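Colleague: Could you put the whole structure together from the sequences, leaning on the hints where they help?
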Amino acid sequence: MAGSRVDLTQKAADLLLRLRDIHGPLMFHQSGGCCDGSSPMCYPDGDFKIGGSDVHLGDLRVDGMTEAVPVWMSESQFEYWKHTHLTIDVVSGRGSGFSVEAPEGVRFLIRSRLLTDEELSELNR
Amino acid sequence: MAKFAAPGEKDSVVQYKPRYDHFIGGDYVPPAKGQYFENPTPITGQTFTEMARGTAEDVEAALDAAHGAAPAWGKTSATDRANILNKMADRVEANLEKLAIAESWENGKACRETLAADIPLAVDHLRYFAGALRAQEGSLSQIDEDTVAYHFHEPLGVVGQIIPWNFPILMAIWKLAPALAAGNAVVLKPAEQTPASIHVLLDLVADLLPPGVLNVVNGFGVEAGKPLASNKRIRKIAFTGETTTGRLIMQYASENLIPVTLELGGKSPNVFFDDVASQRDAFYDKALEGFAMFALNQGEVCTCPSRALIQGGIYDDFLSEGKKRVEQIKMGHPLDTETTMGAQASNDQLEKILSYIDIGRQEGARILTGGERADLGGELSGGYYMQPTIFEGDNKMRIFQEEIFGPVVSVARFADYDDAIKIANDTLYGLGAGVWSRDTNTAYRAGRDIQAGRVWVNNYHAYPAHAAFGGYKNSGVGRENHKMMLDHYQQTKNMLVSYSNNALGFF
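Chains as they are written, first to last, in this note's numbering: chain A, 41 to 165; chain B, 678 to 1184.
Keep in mind the hints are simulated off the structure, nothing from the lab.
35 Å max Cα-Cα, derived DSBU-like pairs, lysine-lysine:
id : chain 1 : residue 1 : chain 2 : residue 2
1  : B       : K775      : B       : K963
2  : B       : K1073     : A       : K122
3  : B       : K963      : B       : K1099
4  : A       : K89       : B       : K1170
5  : B       : K1099     : A       : K122
6  : B       : K1099     : A       : K89
7  : B       : K1150     : A       : K122
8  : B       : K909      : A       : K89
9  : B       : K680      : B       : K1000
10 : A       : K89       : B       : K1150
11 : A       : K51       : B       : K710
12 : B       : K710      : A       : K89
13 : A       : K122      : B       : K1000
14 : A       : K89       : B       : K1073
Only a predicted model underlies this, so the values are computations on that prediction, with no experimental measurement involved.
Modeller: Written out as structure tokens, the structure is:
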């Protein structure tokens, strides 16, 4: 899928659908730094205030959900991450900041791969 | 000493209770919604206790208790408050093994570290802030002959504190000691990964504090942390964690116009100049240990020296000997005092580390040692163990830029001083750094040029209470440790007094 920076696994899609029932429309902001850093944080959409220092990586489409789930990252972090494609997955675990999946005993996790030259030129067009 | 018995075994120095409620107003109170969550040990993956799953109702109850206690606590004399902290320190010290084993069991770290560092440092912090409080003075300024400005330190009132899971007891004490010394009442939320060991501490010290001065609400970030951090009834929030949650907490704080202390991690460079190897002596040996320090606490330290920068002249030899040092790290049962590296704190933490090993390989970094999950056999097979890992690569790679929070160091070569500083500062973060050189001028200049809140020169991972700790750049806001922390938990009352009997003559 050329032209995409971010995607999700089926497991993550299923979880998002369940979380949507509890919390309403959702969003992701990719974290950095300590402890639970490097985790994609999932919040009720609008709970985390996006600002001029954020980059919109893309919108996740989930079957059964009318609205998309936007994915954001701070611009400064994006500078170091922009050559990689991100896939949001789920693993069993415990907690990550105020991310809404923690009480379910699972945690969203980023899996990364390098973007191909073709994808990069598509994205930079 | 070989191996401590595990909690749950008959002759263990510590036994966890089967369940912990919230500690509110001096009593244990069940959660309003009646829910609990399981707490597993990362050593075996098995659940050993269950914890109250706090919600906004519990946070409000804790804030009620804190607000009830804060006025009297704030007016308690500095001597009395300091004496209480000293008594807390004495109890912790007298129960060092108990707390060390409790923390190892819950967090997965080797008890060698909790026995020698975590708990003794907690004791020292309590005593330090007891002393700092006793020595603290207000000030007065004589404005003119008849007018004096007095400056008093007054507590903030009720503060919220959110504790990370990497040092469950020490990080709680880092935040509690100055807050309590300064005269505040606290509502504290431990990490959901390590919610129990703080209650072993409370069992030992709770009776020393007036009810409501210290309240602990357990639970998940979204259910208990958020209602605390966003609450109108706190006068400050302190948080250790990561950047997105840090921003969120600052957003909440902005709505309530309260100050924050944020400690948000780093990607700390550990810089080794050529002259380190000019002699193969004790100092050289110390520097090699400094290189291996990324494995302390399984790399789960905000200041983990996770980028080693080695100068070209010694690069091959130093790295080869550093690798040997790392390969001597002894993985094993964390309650065995011979074990030098224990388990990662959770399954998701281990998974995250492995995801970084994957992207590191894809980006072309070379693994010199480690790189795999470790299966230590027997009951430990259910635990979360990672081999200490050395990557060799380039500072632009993701493994050089993101905090892996595991026993993984990314190594790069630098040509000269300017190159070292350029690479060291090419990061979003600025929490810790290490500089190793026999040349005091080089060491001094590098220490000043690296943009980080803590630069260790010719040592690493020391955390004395009397040295300020905190981040530059994206690593956070504010400081911890040092007597300046009293200021972080106090506000200044200026009383401007006229001793003149005469009107100004304006009206």
